[in-house]
Amino acid sequence: MNQSPKMNSTVGGRDSRSLLNGLSLDLGAQQLHKAIHEIPIGENDEQLTQIDVNGSAGQDAVMMRLNHPIRIKMEGPLGDYAFAFNQQADIRMTGAVGSGVAEGMISGAVRVRGDAGVGAGAAMTGGTLAIYGNAGNRCGAAMRGGGIFVRGDVGDEAGVGALGGMIVIGGDAGHNLGDAMSNATVFIRGAAASFAAGVTDAPLRKREQLRLGLLLINASIRGDAKEFRRIVPTAMLEAEANERGELNPNWR
Amino acid sequence: MNERLEKICFLPPPMDTPWVGAPAEDGSIKVERTNGNPVALKLPLFWYDPPWSEVEIDSADAIAAAVARLGVLVSALRSDLASADDEPELHGASAAAAIGVQAEETEDLPRIIPYRPERYGLSDRDFDGAAIVDVRLAMRRNPTGRFAYTPEEIGRWEATQAEAPLAGGGWVPAASFPPDVEGLEKLKGKLNQLRLLAGDAAVFVSMAPHRLNEELPAVLSSQPDGVILRLNELDLSPLELADCVKQTRAMMDEQQCDHLPLWVVPGQVSAADAAKLIALGANAVAIDSWCQELVNEIRDAQQNAGSTSGYSSLAAPKTQEWVDWVEDELVRHIERFDGLMHAMVYQPPEDRLATLSAEWASRLSIPTLSVPFDAGS
Chain A
1 MNQSPKMNST VGGRDSRSLL NGLSLDLGAQ QLHKAIHEIP IGENDEQLTQ
51 IDVNGSAGQD AVMMRLNHPI RIKMEGPLGD YAFAFNQQAD IRMTGAVGSG
101 VAEGMISGAV RVRGDAGVGA GAAMTGGTLA IYGNAGNRCG AAMRGGGIFV
151 RGDVGDEAGV GALGGMIVIG GDAGHNLGDA MSNATVFIRG AAASFAAGVT
201 DAPLRKREQL RLGLLLINAS IRGDAKEFRR IVPTAMLEAE ANERGELNPN
251 WR
Chain B
1 MNERLEKICF LPPPMDTPWV GAPAEDGSIK VERTNGNPVA LKLPLFWYDP
51 PWSEVEIDSA DAIAAAVARL GVLVSALRSD LASADDEPEL HGASAAAAIG
101 VQAEETEDLP RIIPYRPERY GLSDRDFDGA AIVDVRLAMR RNPTGRFAYT
151 PEEIGRWEAT QAEAPLAGGG WVPAASFPPD VEGLEKLKGK LNQLRLLAGD
201 AAVFVSMAPH RLNEELPAVL SSQPDGVILR LNELDLSPLE LADCVKQTRA
251 MMDEQQCDHL PLWVVPGQVS AADAAKLIAL GANAVAIDSW CQELVNEIRD
301 AQQNAGSTSG YSSLAAPKTQ EWVDWVEDEL VRHIERFDGL MHAMVYQPPE
351 DRLATLSAEW ASRLSIPTLS VPFDAGS
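Line by line, the protein sequences are chains A and B.
In terms of my numbering, the first sequence is residues 1 to 252.
In terms of my numbering, the second sequence is residues 1 to 377.
Think of the hints as simulated: they come from the structure by calculation, not from any bench.
Even glycine gets a Cβ: it sits at the ideal position worked out from N, Cα and C.
Be careful, since some hints might not be right.
Unchecked claim - Simulated coverage check for chain A against chain B, where a stretch passes if three residues somewhere in it have a Cβ under 8 Å from a Cβ of chain B:
hint, region
1, 71-78
2, 99-109
3, 140-147
4, 194-206
5, 230-240
Stated by the list, open to error - Taking lysine-lysine and the BS3-like style, the derived pairs with C-alpha atoms no more than 30 Å apart in a straight line are:
hint, chain 1, residue 1, chain 2, residue 2
6, A, K34, B, K186
7, B, K42, A, K73
8, B, K188, A, K34
Looking at chain A on its own, in the form it has when it is part of the complex (with noise of 0.2 Å):
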């Protein structure tokens, strides 16, 4: 995947909420980004404000550390790092995206409508990515909050070395899932390859099936959180049967 000094952007308004019509953006990523943060914010939060961003197809890095409350809708494929440590941001886009989609993401939502490269969501901190295809190995790792939800299946070693968060897989889950998962939970619908060792599945609780009935529905997926499993540092679970909490016995 290139990355061009300058993206040929539009910004432009498409349905009543937007406060901006037919402005034409030919900038580098630096102006964009300096572009995108000067748009007002609107006075209704409820709605946020929408502008299409076009002809960044095929780049890397692209959306960057954008930290401002408006809803964003763009066509991929993007390159790699898409809306790394993205905050408050809403993007909505169509195409694949390669890899480490969202990392470091501190709030708002992504929303792909497609494949996910590697490390989708790795060292996520909150805010919500939705990936409505497949995502590729290490899907949320090291990620320390937030949600994910992958439509389809993730490959291997997805939650390796999450801290915290929740990761929802739609599909099929590859090996080692959870690997060196700490206080991070998966709920997986379909089978996974083989569970990292120390990591065991569990059934929902009713706290965890509220928190993911709420994201599925955030997320717009069809189906009931009772069909999910929850996968769990073994650590974990018998702490929580002991109840314990979640402080002991040490869990390595």
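Start from chain A and add chain B according to the hints.
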């Protein structure tokens, strides 16, 4: 402090060298970046892997800023040095307010971002104002020998309620490679992303030396702005240390990367050792051993706060007195290093070092001293 490279000596100018004034060059270096302006650094010295979790968080920030004010690059995340709501001094907060002294203008302190594969503790704001992004491609051992992070480190980075620590308060495994990079052949894309995230920083890759012949060419092909070689991972003899630096520099030159800085983490070194490593081909040297002495002193004082021995004033999390002490302790080493570096400039690079040992001369391709006694006698 013992000298590891005492078999090597600095070669002064020949007797008949005309008297010339001291060279005008100071010790500053510039690191060229693939995109953008070069990064200017006051000294070719850096603190690679500070044990921030071993001291109180306020003390960690004060030490980091005190060391950085001397021109030494300091590696730290914001979460190493301050809670989420606070601004670390190393990252631009005024020191004065916290320690009750007269305010000075905020300085731009030289800082490295340790970009570990897992990114635990990393925030987006870490990228602002950093001089170097250090993409760490070597697994990290904790004091027990595991490839893991200690509960104290994880607790510092990812603040959780005391009754519910992450991983139940146990150690957390360390990663070997960034999980969002498909392989070494795709590392270039990650480095380019980091160049955009940290707009003013040079992007380095740090690596272990165990498979240097195979891994260094792969790292170089990803086009970093520099390489950090963690030689402290091996228990090297003095000659092996010197030879490894020399050979690595030669390997980089052979790969048409003679323009690329080679920074080394040698472990225990003296000021003279650091200067000799630079004369052997390194462009900057880690001084963790000098800084670790300061951390030990402060940690011990804080752990024995009731004791009247030693530096009792160090027991406080942060005072101007002990900030001054940190600077005084370190400046002795830095002055010596700076002086030796300054003196070396009188000689062309190939004539700066020599040895009495035929073995060292042969391995390092440096001259043997012309003296009327046998080497080693």
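Do the hints match the structure? See the list:
no.	hint	in the structure
1	71-78	violated (count 0)
2	99-109	holds (count 5)
3	140-147	holds (count 3)
4	194-206	violated (count 0)
5	230-240	holds (count 3)
6	A:K34 - B:K186	holds (29 Å)
7	B:K42 - A:K73	violated (45 Å)
8	B:K188 - A:K34	holds (26 Å)
When held up to the earlier numbered hints, the structure conflicts with 1, 4, 7 and fits the remainder.
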